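K.L.:
From first to last, the protein sequence lines are chains A and B. Everything in the first sequence is counted per our numbering, starting at 145 for the first residue and increasing by one. Everything in the second sequence is counted per our numbering, starting at -14 for the first residue and increasing by one.
Hints may contain errors.
[Stated by the list, open to error] List time: in silico DSSO-like cross-link candidates among lysine-lysine, alpha-carbon distance up to 30 Å: (1) 294(B) <-> 50(B); (2) 288(B) <-> 232(B); (3) 288(B) <-> 201(A); (4) 201(A) <-> 181(B); (5) 304(A) <-> 243(A); (6) 173(B) <-> 140(B).
[As the list claims (entries may be wrong)] In silico negatives: residues of chain A with every beta carbon more than 12 Å from chain B: (7) 175; (8) 244; (9) 281; (10) 282; (11) 380; (12) 479.
[To be verified] Not everything, but these chain B residues come out facing chain A in the computed CB check (under 8 Å): (13) 10; (14) 14; (15) 59; (16) 122; (17) 123; (18) 130; (19) 133; (20) 150; (21) 179; (22) 192; (23) 193; (24) 195; (25) 347; (26) 349; (27) 350.
Everything labelled a hint here was simulated from the structure, so no lab data went into it. Predicted, not measured: the structure shown is a model, and the values here were computed from it. The beta-carbon is built from N, C-alpha and C at its ideal position, and this holds for glycine as well.
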Amino acid sequence: MYIYLLSAPIWFSKLPILKDYLDPMVLDYLVWPLVQIGLLLFVVLTLIAYLTLAERKISAWIQVRIGPNRVGPQGLLQPLADGIKLLIKEDLIPLKADKGIFIVAPIIAMVAALVSLAVIPWGAAWATISNIDVGLLFILAVSSFGVLGIILGGWASNSKYALLGALRSAAQMVSYEVPMGLALIGALMFTKTLALQDMVINQENLHIWNVLFQPLGFLIYLISGIAETNRAPFDLPEAESELVAGYHTEYSGFRFSLFFIAEYASMLIISAIAVTVFLGGWYLPGLSYILIPGSTLFVLASIGVFAFKTLVLLYVFFWLRWSLPRYRYDQLMELAWKWMIPASLANILLTATILVIAKEFGLIESQGNFLSISTAGYIFLIGTAFIITVPLTWIILGQINARSRDFNLREVEPLPMNRAKKNS
Amino acid sequence: MADITDITDITDIIEQENESNEMILSMGPQHPSTHGVLRVVLKLDGEIVTDLDCDIGYLHRGVEKICEHRNYQMIAPYFDRTDYIAAVSNGLCYVETIEKALNLEIPLRAQYLRVILVELNRLSSHLLWLATHALDIGAVTVFLWAFREREEILKIFENFFGARLTCHAFRIGGMTYDAYDGFQAQVKSFCDRFPKCLEDYETLLNTNRIWLSRTVGIGIISSDDAINIGLTGPPLRGSGVEWDIRKAHPYECYSDLEFDIPYGENGDTYDRYLVRMEEMRQSRRIILQALEKLPDGEVMAPKAPKTVKPPIGEYYHSIESPKGELGIYLVSDGSAQPARLRIRPPSFVNLQALRQMAIGHLVADVVAIIGTLDIVLGEIDR
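Isolated chain A (complex conformation) (with noise of 0.2 Å):
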């Protein structure tokens, strides 16, 4: 099976000038993952540069604006041309910076975003790098990584705004992680493993998008997402009327476009975890009719299926960008903490009770690694998840929630303000 994901399709291999010089193995396992390591970073990095000039079009049209109209044929090119903007500016590094880890903050924020992409599956067969048993595991070690160079990289500039734009974004990638984790492990109930190719199988098999099991796992999933990419409404590290810049407020240049690209490459991410895990990745119902599964039109068909999924929840994250305002520091840890956390845990909680009945009645049964699942047993996990989870969560957390007050700051003591009254 890994073989067989790994290996490179058909016409690769047969390649004439390459089946001529290079034997089978060195064909499959360097040369193939070269080129689609090659293809890979080619491919996200134009997109993550369309993405910003998509980000400035579609925030234009929600602000009844034109947006970047001037660069080549409806300012197609404008990437292009913020990229040589960026190069060819003044590298500056603050005097009394911390230099060597000034350089190599944006770095190790950017490796970290794109080193993820290599065991995501973005298509069928062939369409992915690697399919490691502990894909998702390693996903959610390595994007933590990334918060590393936004601390390394505030702490560096010695300014204040980035300091405090650093910390406010070390507790926030902290506090989201963990029901971001949490909120995963009600899908891998369903698809039983954490190689993220075998969970697009996995639900191909069971022909249904995890999102119907595990509504309310999706939900807190893409707002700890959008929370730890730091995104609106939740970009606080780099909320501009507050802190400037925040952590990147020093930064200019290349070493800014590090982090600009590493926030865009890890939305795409975040992304494309959600449309893997919840929203069967490249499997549409009804596509394995169409085209013959494992021909190479089938793959790209998949990829395209992908694609799209990704670029819909690409869209909402800019949708809310640009239509709320941004939440408080504590707000943000109060989402986090007293409404993320412990749905999340409601969610694993009632999502294990469920199965388990669902199991005492016979209505799915496991296969080594698979589920089936009955009829009867699909409208049962369905229902239960939308009427039982979902409301039963909020209703108590609601419950909860309300005897605790908000975390009112201010504390009432009268301020010396009453000197005219005093003198009168």
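Based on the hints, put chain B in the right spot on chain A.
P.N.:
Showing chain B alone in chain A's frame:
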């Protein structure tokens, strides 16, 4: 925590940095959301503000001193540049002060035109406030939506005076020009469209969970404190004091027009937001009434003197500018130049409340509170 009441000077605050765990953060003068060049020195415990002080004067141009060396007609354009967001209101305050000193009666048509223009200016000023306030809290879209409507008002101004921002609208004794052809239609069509736009903003903000949690209970100031500090305008009315100079001491033709004074209950940022939103509706109401009642006739008083020489004496006149009570205190020695001219800017007085409002809140709230006070540094520093 040190006794915050003892600290009144920035140097004091900075000296204490090394003695405690608290951080001193100099916010501004180059900061995206201090509305110009205000510098706020914050003393932070984590992110909680334990003390703050405002440092002003980065935009000082010495308008009051310049006025002592100019003829009365030459002074008027300087007032368009004190509060450049509400240039028309500021110009009105100046010409009215001089008219009061000269005891000049203004033709009725000029009065109505003045009211229309000043209320339009109030709308544009409040729209700019809404835009920047929402931007400070992170709602970027409201910013551009509000600018779309402000643009229409500025177009009317451009047609009328030839300038968009620092429009020199009025002359001592009336107005230089009568309304241009199609002025009434243009204002009318704007007023017809405007409520829909206000609803648009309110859909984005009024019941938005995040907007509520960012504004409700933030920067509370009681009505007693507000009066003691001398707050005027929406910050005062937000605290529940029903005080508007347009009603209390009507000038121009405000006594002929019907309008309500909105006022809040809790004196927090949300109430001030609601007050300003309602004020925009009331302004529209005033404009529509004034357009209906607009009489024909002259726009310049026939008795307006060529050389303005107010009789010896002291004069004070104040109007309700979009930001609060804008007053001018004039000492005339009978010559063609004022002996002393002092401006009572609403922003300057309203800014005094910042410290009391912001202590105990977070850094993010300081930004929101600066936004809700609606200050203009051109007016504070003069």
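K.L.:
Give a verdict on every hint.
P.N.:
Checked hints:
1. Pair hint residue 294(B) plus residue 50(B) holds up; C-alpha atoms about 18 Å apart against a cutoff of 30 Å.
2. Distance restraint check for residue 288(B) and residue 232(B): the Cα-Cα separation of roughly 28 Å lies within the 30 Å cut-off, and the hinted pair is therefore satisfied.
3. A C-alpha spacing of about 58 Å is found between residue 288(B) and residue 201(A), which places the hinted pair above 30 Å, so the restraint is violated.
4. Simply put, residue 201(A) and residue 181(B) have alpha-carbon atoms about 25 Å apart, close enough for the 30 Å limit, and the pair holds.
5. A C-alpha spacing of about 17 Å is found between residue 304(A) and residue 243(A), which places the hinted pair at or below 30 Å, so the restraint holds.
6. Taking the CA atoms of residue 173(B) and residue 140(B), the gap is about 14 Å. The hint holds against a cut of 30 Å.
7. Listed as a non-interface residue, residue 175(A) keeps its Cβ farther than 12 Å from every Cβ of chain B; the least gap is roughly 47 Å.
8. No beta-carbon of chain B comes within 12 Å of the beta-carbon of residue 244(A); the shortest separation is about 25 Å.
9. With a minimum CB-CB distance of about 33 Å to chain B, residue 281(A) clears the 12 Å threshold, and the non-interface call stands.
10. With 12 Å as the threshold on Cβ separation, the claim that residue 282(A) sits away from chain B holds: the shortest Cβ distance comes to roughly 33 Å.
11. With 12 Å as the threshold on Cβ separation, the claim that residue 380(A) sits away from chain B is violated: the shortest Cβ distance comes to roughly 8 Å.
12. Residue-level check failed: residue 479(A) sits 10 Å from the nearest beta carbon of chain B, not beyond 12 Å.
13. The restraint placing residue 10(B) at the interface with chain A holds, with a minimum CB-CB distance near 5 Å, inside the 8 Å limit.
14. The closest approach between the C-beta of residue 14(B) and any C-beta of chain A is roughly 12 Å, which is over the 8 Å cut-off, so the hint fails.
15. Interface restraint check for residue 59(B): the shortest CB-CB distance to chain A comes to about 38 Å, outside 8 Å, so the restraint is violated.
16. For residue 122(B), the suggested interface contact is upheld, since its CB lies about 5 Å from the closest CB of chain A, less than 8 Å.
17. Residue-level restraint check for residue 123(B) holds (minimum Cβ-Cβ distance to chain A is 3 Å; threshold 8 Å).
18. The beta carbon of residue 130(B) comes within 7 Å of a beta carbon in chain A, closer than 8 Å, and the hint placing it at the interface holds.
19. For residue 133(B), the suggested interface contact is upheld, since its CB lies about 6 Å from the closest CB of chain A, less than 8 Å.
20. A hinted interface residue such as residue 150(B) counts as satisfied when its beta carbon comes closer than 8 Å to some beta carbon of chain A; here the least separation is about 21 Å, so the hint is violated.
21. Taking 8 Å as the C-beta contact cut-off toward chain A, the hint placing residue 179(B) at the interface is violated, the least distance being around 16 Å.
22. With its C-beta approaching chain A no nearer than about 12 Å, residue 192(B) sits outside the 8 Å limit, and its interface hint is violated.
23. Satisfaction of the interface hint for residue 193(B) is found here, the shortest Cβ-Cβ separation to chain A being roughly 7 Å, below the 8 Å cut-off.
24. Contact between residue 195(B) and chain A, as hinted, is supported at the beta carbon level, the nearest pair being about 5 Å apart and thus within 8 Å.
25. The criterion of a C-beta within 8 Å of any C-beta in chain A is met by residue 347(B), whose closest approach is roughly 6 Å, and the hint holds.
26. Taken as an interface hint, residue 349(B) checks out: its beta carbon lies about 5 Å from the nearest beta carbon of chain A, inside 8 Å.
27. For residue 350(B), the interface hint holds, the least distance from its beta-carbon to any beta-carbon of chain A being 7 Å, beneath 8 Å.
In the structure shown, a violation is registered for the earlier hints numbered 3, 11, 12, 14, 15, 20, 21 and 22, in ascending order.
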